[in-house]
Amino acid sequence: MNDLADMDRPPMQGLASLPVFFDLAGRRTLLAGGSPQAAWKAELLQAAGARVDVYCPAPSPEMRALAARVPAITLVDRLWREADFDGAAIAIGDFPTNDEAAEFQAAARRARVPVNLVDKPDFSDFQFGTIIDRSPLVIAISTKGAAPVFALALRGRFEGLLPKTIKLWAEAAQSWRAKLKAAKLSAPHRRRFWELFVARALGTRAPRAKDYDEILAHAASEQGKPRGSVALVGAGPGDPELITMKGLRVLQAADVVLFDDLVAPAIVEMARREAVKIGVGKRGYQPSCRQDDIIARLISLANEGKRVVRLKGGDPSIFGRANEEIAALGAAGVEVEVVPGVTAALGAAASLKLSLTERDHARRLQFITAHARNGRLPQDLDWAAICDPSAATAVYMGVRTLPDLAKRLLEQGIDPQTPALLIESATWPSERRIHSTIAKLADQVAAAKPSGPCLVLIGQIFAEAASRALAAEAEA
Numbered sequence: 053m054n055d056l057a058d059m060d061r062p063p064m065q066g067l068a069s070l071p072v073f074f075d076l077a078g079r080r081t082l083l084a085g086g087s088p089q090a091a092w093k094a095e096l097l098q099a100a101g102a103r104v105d106v107y108c109p110a111p112s113p114e115m116r117a118l119a120a121r122v123p124a125i126t127l128v129d130r131l132w133r134e135a136d137f138d139g140a141a142i143a144i145g146d147f148p149t150n151d152e153a154a155e156f157q158a159a160a161r162r163a164r165v166p167v168n169l170v171d172k173p174d175f176s177d178f179q180f181g182t183i184i185d186r187s188p189l190v191i192a193i194s195t196k197g198a199a200p201v202f203a204l205a206l207r208g209r210f211e212g213l214l215p216k217t218i219k220l221w222a223e224a225a226q227s228w229r230a231k232l233k234a235a236k237l238s239a240p241h242r243r244r245f246w247e248l249f250v251a252r253a254l255g256t257r258a259p260r261a262k263d264y265d266e267i268l269a270h271a272a273s274e275q276g277k278p279r280g281s282v283a284l285v286g287a288g289p290g291d292p293e294l295i296t297m298k299g300l301r302v303l304q305a306a307d308v309v310l311f312d313d314l315v316a317p318a319i320v321e322m323a324r325r326e327a328v329k330i331g332v333g334k335r336g337y338q339p340s341c342r343q344d345d346i347i348a349r350l351i352s353l354a355n356e357g358k359r360v361v362r363l364k365g366g367d368p369s370i371f372g373r374a375n376e377e378i379a380a381l382g383a384a385g386v387e388v389e390v391v392p393g394v395t396a397a398l399g400a401a402a403s404l405k406l407s408l409t410e411r412d413h414a415r416r417l418q419f420i421t422a423h424a425r426n427g428r429l430p431q432d433l434d435w436a437a438i439c440d441p442s443a444a445t446a447v448y449m450g451v452r453t454l455p456d457l458a459k460r461l462l463e464q465g466i467d468p469q470t471p472a473l474l475i476e477s478a479t480w481p482s483e484r485r486i487h488s489t490i491a492k493l494a495d496q497v498a499a500a501k502p503s504g505p506c507l508v509l510i511g512q513i514f515a516e517a518a519s520r521a522l523a524a525e526a527e528a
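Going by the numbering used here, the first residue of the sequence shown is number 53, and it counts up by one from there.
Because the hints were derived from the structure by calculation, they are not lab data. Treat each hint with caution, since some may be false.
[Unchecked claim] Here are the simulated DSBU-like cross-link-like pairs (lysine-lysine), alpha carbons at most 35 Å apart as the crow flies:
hint: 1; residue 1: Lys233; residue 2: Lys329
hint: 2; residue 1: Lys219; residue 2: Lys231
hint: 3; residue 1: Lys329; residue 2: Lys298
hint: 4; residue 1: Lys219; residue 2: Lys298
hint: 5; residue 1: Lys196; residue 2: Lys231
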């Protein structure tokens with residue numbers, strides 16, 4: 053196996069701007085302008101610990117009120133001068149015309165002071181991002197001035213993901229860093245300390261005084277190279293937003309990610325940039341990685357001390373051969389975690405906007421596979437259960453064996469008019485559906501030649517979805 057430490061990674065490309073965090077505590081900043089927008093910038097600067105000199109002969113009421121209650125903000129009743137840039141850490145200007153903005157920008161650059169012009173990104177060396185403030189944790193979102201409303205919407209989304217106690221954990225991290233340095237742990241064990249810290253910080257409770265000692269003892273107890281681990285993580289049916297919060301957290305802590313072909317590329321990219329990402333696709337009747345090789349690689353990486361994520365489409369415990377991997381890893385002494393995901397049948401039901409267990413038509417929901425170890429239709433399926441008109445059946449890995457499945461069900465007495473459909477790439481933008489009956493579906497699927505991940509759904513519960521599809525086609 054190649055040494056992952058020597059693997060070349062492609063350099064980052066296309067970064068719109070460099071995100072940096074400027075320490076302004078105790079430093080002087082220059083602000084030219086007195087509008088309400090400028091007042092907000094002054095408030096932001098003083099919140100970061102800066103002394104703010106505001107140059108404006110006619111400041112707005114908002115600016116006057118702010119300066120009256122904040123000692124760090126000083127109003128200077130005149131226009132700015134070039135000498136005002138001396139000793140300034142940064143300069144902010146708010147001007148109605150481009151000529152005034154260009155003049156201010158030129159003066160700032162002569163003084164070698166970074167400059168920002170309010171609402172004029174073309175004249176600015178830097179932009180103010182939309183801020184999530186959980187100080188000392190600060191998160192900034194920037195669209196490089198292109199869409200501030202979009203940044204605000206994203207801020208709302210991210211704030212909903214952060215535990216309410218995250219600020220307290222960030223403060224704990226700030227106070228514990230010096231203590232941890234004095235503990236003189238090795239670099240791998242220090243990283244392990246912070247990994248354990250993160251696991252607690254992303255929970256729902258506030259930090260306790262004993263948390264530091266507990267985490268330190270746990271990290272220090274791992275003698276020599278810290279033990280690696282493997283997490284089997286369900287990526288969901290395709291839509292990147294359907295990965296669970298826990299799955300995302302585990303993915304973003306991984307050193308190495310082994311991912312299936314059925315996992316959306318956008319989900320793989322959610323892993324941290326430094327993580328090594330390895331495709332281990334297994335697709336029926338196509339060139340694939342052998343399961344034994346995947347298991348051997350998981351064990352080898354874990355024995356190197358790596359935190360490994362085995363990223364699987366859907367849920368790892370639904371026809372994902374998870375038991376084989378769990379058993380082999382357990383036998384090798386590797387710590388294993390399973391993070392469930394949204395399985396394809398549930399993603400398909402959401403796309404179809406129907407319940408899989410509507411009581412009048414589906415008193416039982418069953419998941420089956422139409423793909424045996426030899427690649428053929430399994431012969432030990434419960435045919436009576438699938439033929440039951442009060443059941444809803446989701447058939448995984450059933451495209452190749454669909455003709456045999458349909459023939460066998462018809463022989464077992466299923467109503468030929470039983471609704472059946474194939475949904476390809478459920479929840480993906482490229483999702484495609486073929487509505488039919490169990491008697492006709494196989495021929496229609498063969499003609500359509502699907503190439504994405506497919507699920508076959510059988511049962512009376514799917515008649516409503518077929519009716520809606522026909523109505524939509526008629527309107528079109």
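Comparing the hints with the structure gives:
1. Between Lys233 and Lys329 the alpha-carbon distance is near 31 Å, which keeps this suggested pair within the 35 Å criterion.
2. Note on Lys219 and Lys231: the hinted pairing holds, with a Cα-Cα distance of about 19 Å set against a maximum of 35 Å.
3. Using a Cα cut-off of 35 Å, the hinted pair Lys329 and Lys298 holds, with the two alpha carbons roughly 19 Å apart.
4. With a CA separation close to 19 Å, the supplied pair Lys219 and Lys298 stays within the 35 Å bound.
5. Taken as a hint, the Lys196 and Lys231 pair is broken in the structure, with Cα atoms around 39 Å apart against an allowance of 35 Å.
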